[in-house]
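Listed below, chain by chain, are the residues.
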Amino acid sequence: MAEHILQVKDIKVRYSSIPVIQGLSLAVDPAETVCVVGANGSGKSTFLKAIMGAVRVFDGEILFQGREIKNLKTEEVVRTGITYVPEERMLFTALSVEENLLLGAYTLNDKERIQENLQFVYSFFPRLKERRDQATLTLSGGEAQMVAIGRGLMSNPSLLMLDEPSLGLAPRLVDEVLDTVRKLKREGMTILLVEQNVRESLEIADRGYVLQTGRIVLEGTGEELIRSDVVRKAFLGI
Amino acid sequence: MGYCGEGAPEKAKLMALLEVHNLTKYFGGLKANEDISFSIKKEELVGLIGPNGAGKTTLFNCIAGLYPVSSGKIIFSGHDITALKDYEVARLGLARTFQVYVASGDMTVVENIMVGCFMRTRSRSQAKTRAEQIMKDFKLHDLSDYILSELPVASQKQVAIAAAVGTDPKMLLLDEVAAGLNPSEIEDIMATIQHIHYNMEITVMLIEHVMELVMKISDRVIVLDSGQKIADGNPETIARDPNVVKAYLGERYVHEHAGELT
Amino acid sequence: MKKLFLLTLAVCLVACWWITGSPVIAQAKTVKIGAIYPLTGGAAAAGRELKAGAELSAKIANNMMPGLDMDMAKNAGIKSLGGAKIKLIFKDHQANPTLGADLAKKLILDDKVDGMLGCYHSSVTKTVSAVCEQYGVPMINGTSTSPALTTRGFKWFWRTTPHDKWFTKDLFELLKGLTQGKVKGVKAVPEKEISNLASACEKTEWGSHVSSIIKSLAKEYGFNLRKSLLYTAKAPDLSSEVRSLKAARPDVMLFASYTSDAILLVKTLKAQKAKPKIIWGQDAGFEKPEFRSTLRDSIVGILTRTVFLPKVAQIKKVAGQVNALYKGKTGNDLGGASARAFTGVQTWVHILEKAGSTKPADIQRAANAIRIPGDQLVVPWAGIQFTPSGDELGQNVLGSGLIGQYQMVDGKLVLEIIYPFDVATADMIFPFKWF
Amino acid sequence: MDILVSSLFAGLLIGMVLAMVALGLTIIFGVMEIVNFAHGEFLMVGMYTGLLTAQATGMEPLLTLPVAAAAGFLLGIICYFGFVKFVIRGPMVAQLLGTFGLMIFLRNLALLFFGAEDRAIHQGILVGKSFNIGMGVIAPATKLAAAALSVIAFWAVWLVINRTKIGKALTATSLNPQGARYMGISTERMNALAWGIGGGTVTIAGALLVNFWSVNPFIGLLFTMIAFAIVALGGFGSVSGAFFAGLAVGVITEIPGIWDFLTYIFNFGWMADVPMTSLKYMWVYLAYFVIMIVRPRGLFGWKR
Amino acid sequence: MEALSSALDFSDFPRLDMIIAGVLGGLLVIFPATPHSAFAMATMIQFLMFSLYGMGWNTIGGYGGQVDLGKAQYVGIGAFTTAVLMVRWDVPFWVSMPIGVCFAVIWSFIIGYPLFRLKGHYFAIATIATSLVLKDIFEVWDFVGAACGIEISPIKYNPPDFLHLIFKEDIYYYYVILGFFFLGILYVNWFRKSRLGFQLRSIKDNEEVAKSLGINVHWAKIKTYAIATSFVSVVGSFHACYIKNIEPEDTMSLDISILIALMAMLGGAGSLWGPIIGAGVLIPLKSYLKEWLGARAGLIGIDLIVYGAIIMLVSAVEPRGIWGIVEKVRRRKRN
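Chains as they are written, first to last, in our numbering: chain A, 1 to 238; chain B, 1 to 262; chain C, 1 to 435; chain D, 1 to 304; chain E, 1 to 335.
Hints were generated in silico from the structure; no laboratory data involved.
Keep in mind it's a predicted model, so treat the numbers as computed, not measured.
The beta-carbon is built from N, C-alpha and C at its ideal position, and this holds for glycine as well.
Possibly wrong hints are sitting among the right ones.
Keeping only pairs whose Cα atoms sit at most 27 Å apart, straight-line, the calculated DSSO-like set for lysine-lysine is [said to hold, decoys possible]:
| # | chain 1 | residue 1 | chain 2 | residue 2 |
| --- | --- | --- | --- | --- |
| 1 | C | Lys275 | C | Lys215 |
| 2 | D | Lys85 | E | Lys119 |
| 3 | E | Lys156 | C | Lys165 |
Now the stretches of chain D that chain C is said to cover, found in silico as 3 or more residues with beta-carbon under 8 Å [said to hold, decoys possible]:
| # | segment |
| --- | --- |
| 4 | 112 to 118 |
| 5 | 130 to 141 |
| 6 | 206 to 217 |
| 7 | 250 to 258 |
| 8 | 274 to 281 |
Modelling step: build the complete structure from the supplied sequences, incorporating the hints.
Right under this line is the structure:
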């Protein structure tokens, strides 16, 4: 077994005594893209938030690069090298695109490095360069998602976690966003992806997990999962 | 596609209880609902599904009077309720529950249900009798004196439905009552909904992500995607509708499985 | 354990009951007088003066003081009561009328005082005297000057100090005197040069009374009151008020303010370069040591009405003696507040001496019949005699006021008497010079 | 005419200082949506700090500003870590109650230490000096200096918020705390910083005010209300809004002067009888009430 | 009839509570017969008055969750109505009190309508603003005596005058306010179980849910605000007769508003006993701390420092007040 960059062992999360995640284990290897799919309410987002220390994990272990990060404060988790692009994007709407991106590099202090990263993001998303001074409130959904992802890249993360990046986007934009993920994968980024767009995301992923009511019900390569009936059932109930 | 309401032919002769005509709702520049029309007949049980962000809850909120609509018309049991406030809508007999409802107060289960019952009566004893009756129906009487916020979510949702039922509605809008529940709790809530529908003869419209539930109990399903109505029909046809599958599983899935879809 | 909290609550309640329920045992051979003054709160400085004045008076009454030409210094204690000593019980009303009433009840019922003294603020005096009236406890008020206090027909309330109507009338007499050339050192001023007035009084019981008195007297004396405003007491800033006054271009500015406002007013007047010919303060803040020490030479020329000035010591020997004692005790000269508090206790002593008993009815009779000659008093009054009937029941009819002016004499700031004209100690500075 | 011009001028001048009083409140509200009822008490602390430092050392009162700022910064941070941190977790009622408690606590602590008497500074190079600008406008030097410093302080705060990394982090925290945490920003520290800056600016304002206004332990509430009015007017959480709203409220406190002007112009007898000066601060409260009802986001509000 | 039986029905409280409440109630009734100081008597009257203020506040602030910090304006309306009517036209207390309530209710509708469009902090601050506005107006309004206030002359009446509520001894006032106190408890006991009470608690819980259950939230709040107002106004009228000299500065100050809210919040907002417990703890604490530490040791303001510290502690540790702690302990025992 290769050295996992992220290893989650049997974690449990409760929201005021209601179990949301009940013994979830998962591993991500370096330069790998792992996708977690599951219906609404299955605990996908909670799982990512648990890694980020945004919800309390009361049992289990979370190891990142061999270090225990369970229940660290969110900002400390970020400093270990994980970035999280949240489902709601959480852009700082009153600020401009560039200001948002620079905030993504908050944990870095090296100015040259920050500029390099900025240039990298701009080269990655040329459209953002055009709109660098525009307030993010005025961006379209797809552009906003680009800012969110770009912001996640600004701190040179060792692991990028994307929470439903295609959510609420028009189909054309969904493809665009997923293409971005594909490109990132090619750049050698380690990605943990949570998606509703089951098919496409599983295609991108090296491996995938299917989550149902807080448990992993299926695990395998993307291809295997696409063929599985479980996936379809999980989504349409038939 | 044009399945409009054919899923329940035996009820077709009944008049429409709720009619939504060309409802459109903007939030600033964002179009949350666009030109949505449908009607629901008395004693129907209609599911409303769609991917996240499709505008389902917004639609509910518009119908229930929580948001003013940008354009369109809503008619409920002969009244134009488009411009009515939420409590006025409720008094006309259109009750609803909320997607995220975390009880925070110090009211007990029976008190919560009594609030609903108080809509139709001033008398405390009548309200209490009615609430106790509902609790019995919903098998909640053991929990009667517990503080609601201290109960598990499943019970809270049951109580929320019970309180809405306490207002003696003609129609009930249920917003994701099964979200976050485990399978056995989903079974319970399904039984509750069916009880409301068949025994109490209340028309029900529900937003739901748990497909087992929607597909099983709905007479008819309406599907929204990106604020638009993309399908309307009985559960079996809906599940095979390419537009629906596309909305859920993505375009490529549709192409590859074209044979299985109608 | 289970209901520990409620039990504790019950125990606490019962405990409070016990502690407060213990009766106070009266000591023999003392006459207890309750004194309710503003010892803390915004008027604490005045309160300290009042307390010191009253204490000095009690000390003189309780001990033989051979060097002092006062009847009450000649005996130790009250002779007619077998040498009973005066015991003052001080309470702090914090300028709060409700608290004052509570304290009055406490003094009357718990401490069983024989009489009351106080309370400086007219609003507090009002509630306290109402309590005394109900319980039939005699109260002597030495320092509250609201005219309303003695128009209420109270039978247990006597006031030694003259009230604001008199004081304000003094001022208008002075103004009239100015036009007639009666003022020492000033030639007759043409009437139109000082005919425009403006007043600013604080928005309290006392201030608003003064304000309305000024209004009615201005009319009576034929002056033109161009602006009359009430301001919020203890306001942090009075510049808009001052601007408003200034805009009326008055020749004479009249104020009724307590210390902090008085200081602020004068500072703002100066900063705003106001140019009135006369500034007159209705006592209170305008004659406090703080007023003097803070503003120093910038108050030269300001007039204030008062009942006592150190200059009185030049006229009255006894005043000089008491002033020396007071200065030895506190380091300050006697002022209007302390002199009147002193006189209040002194009046009590005389009344008790005359009554020969501490029965309220006897005290009442004695008070209504009392006549203290002017030479006994530190204040420059003709004496103390209360009206036993009529509109102003219980008002001392022999009191009178003074108007003083701050002047620089040998580098020292002194208050010179300029009214009444016959006792004036210096030439009046007219017009007021600032710039 | 003179009275109108001088009233407006005085209103604007004092408005600048009042704006600075409100600055801290709006920063704190902007970052963590908590209304600090003890804000006026912070101001009082600033006033006493300025006053006592000046009196104890014989220093020029204006030089005590850094001392006051440091004291305020410290006070803000202590309040945050010692108290506010625990209260923000609770319901809104607890926050109200809590900052109320803080208000009562600080006020009476001051009463215990300093007594109830009003105190004011009477020395210093600027005290008592004033310039006659003409048109009846007389500008006291202390107020001019205070207004100027207030503008500088606003400019400085604006720079910090808009031009520095820490300012950006503050803005981010205010716009979306959870999002800010995902960027690696310690929102806890940002909250504390907001309290620090909030406390620091308001104590500076206090040290400026004490040059021309007297201080007593009970002075806080008036300023809390004025600050609320300004923040409501300028939009809760808006720094630039607070500045302009401060000017507006400054002018509102000069309504008696404006009324005087109207009285002279129209010369109706009844106008002179309206006790306008007594109602000086009522207009501020009324303005607050009306603004809240009509435009809850404030006249200059930009927020979210 | 149902209302009366509901008001008299305390059966949803644990038996022990009722025993304690009964004993304490009995103690209140016999208190004047025990040896006590006048100061204790004054403190007890204050306690009863503030309990009633707190009960009034509790209806809107506790059950409804609308933190109202402007109750002093209604103390003023009640007190000044009674005083003005009594001084000018010799109207008996029992007539002027209901008139005062009418004025207070009318005023509460006038300002309540816009006020309740606000929520949370904004509402709380706006209530302060309205209260201060009214106080400032009263301070310049000659009809109500302006800043001088108005005095009910004790010698115009022949105590004990039950009609005008003018007494010499505090014991009469004590029993009058005690009567109001028991009536107040009964009323609140009825209120919390009434339709409006339920609606209000539901509003506090979640306004949107409340609306969805057919509750006109705005109107329910305004109605309850009027009820709260009536309580305060009645006690205000009593205050006028008790103190006999009222001034806006004294009766309508913000301190009174704060104190009223604190009683209920500290004792436990939204519970029947909360305001009483709050007043029972705070008023004696205030009186005696002031008396012992303030007057004797010269530590002025120490009572309020302790006060402030208690409030801070409670808000940080248990925002539901003392009663909240009791309930927490009980629940822990039960589970």
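Each hint, compared with the structure:
Between Lys275/C and Lys215/C the CA atoms are separated by roughly 22 Å; this keeps the pair inside 27 Å, and the hint holds. With a C-alpha separation of about 23 Å, the suggested pairing of Lys85/D with Lys119/E holds against the 27 Å cut-off. Taking the CA atoms of Lys156/E and Lys165/C, the gap is about 25 Å. The hint holds against a cut of 27 Å. Under the rule that three or more residues need a Cβ within less than 8 Å of chain C, the assignment of the segment 112 to 118 of chain D holds, with 4 such residues.
Counting residues of the segment 130 to 141 of chain D whose CB lies closer than 8 Å to any CB of chain C gives 4, which reaches the minimum of 3, so the coverage claim holds. Taking a C-beta to C-beta cut-off of 8 Å, the segment 206 to 217 of chain D contributes 6 residues in contact with chain C, enough for the three needed, and the coverage statement holds. Coverage of the segment 250 to 258 of chain D by chain C holds in this model, with 4 residues showing a Cβ closer than 8 Å to a Cβ of that chain against a need of three. Look at the segment 274 to 281 of chain D against chain C: 6 of its residues bring a Cβ nearer than 8 Å to a Cβ of that chain, three or more, so the hint holds.
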